[in-house]
Amino acid sequence: MGKTTISALLARELASAGADTLAVDCDPNPTLGDEFGVASASLPRFDRDGLRPADGTLEFAREPELIDIDSHLKLLGGPPSDTPLADAVARGIAGVLVADRFEFSVTDLGAGPEFARVAVGGVLNPADLCIILSDGRSVSELTADRVEGACRAREVQCRRVLNR
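In this note's numbering, the protein residues as written are 1 to 164.
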């Protein structure tokens, strides 16, 4: 197993404290399942076909399959695909649609420059706190600045963490 993300650690900690927690992998290169001991490549795919327009918003055309990690932790992840950004956005929207079924929802965003605007515009709208990881490189800091600005505009608290 590779490096464990803050998202995985936070989700596990919340669940171990007894809180019903949803972990959503919104990274175009989904690996959150791997961090929980479930091969991301083996997970069911949830893509935009799982969503349909309804009264100016989106609703489920089909429910996403949530994977039991333990009694208080469920995962909404997916396999790598030919449409990674579109699948990541669909998982993010699905996560928002099921979040009210849980006490906490932790979203792992792969917010590269191409994803920051889409992620912040849709997936983070209901967030209470955004933890932004940066490795200190200029492209990482630029992306972190964009996400942080979008969080401020939506009055979402955020914390930037340097992760070298």
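Source of the hints: derived by calculation from the structure; they are not laboratory data.
Accuracy of the hints is not assured; some may be wrong.
[Said to hold, decoys possible] For each label pair, taking beta carbons as the anchor points, the in silico distance ranges come out as: (1) 71 x 6: 18 to 28 Å; (2) 41 x 62: 19 to 29 Å; (3) 138 x 44: 36 to 46 Å.
Glycine included, every Cβ here is placed at the ideal spot set by N, Cα and C.
Hints, verified against the model:
1. 71 x 6: 18 to 28 Å: 22 Å, holds
2. 41 x 62: 19 to 29 Å: Holds: the Cβ-Cβ distance is about 21 Å, inside 19 to 29 Å.
3. 138 x 44: 36 to 46 Å: 37 Å, holds
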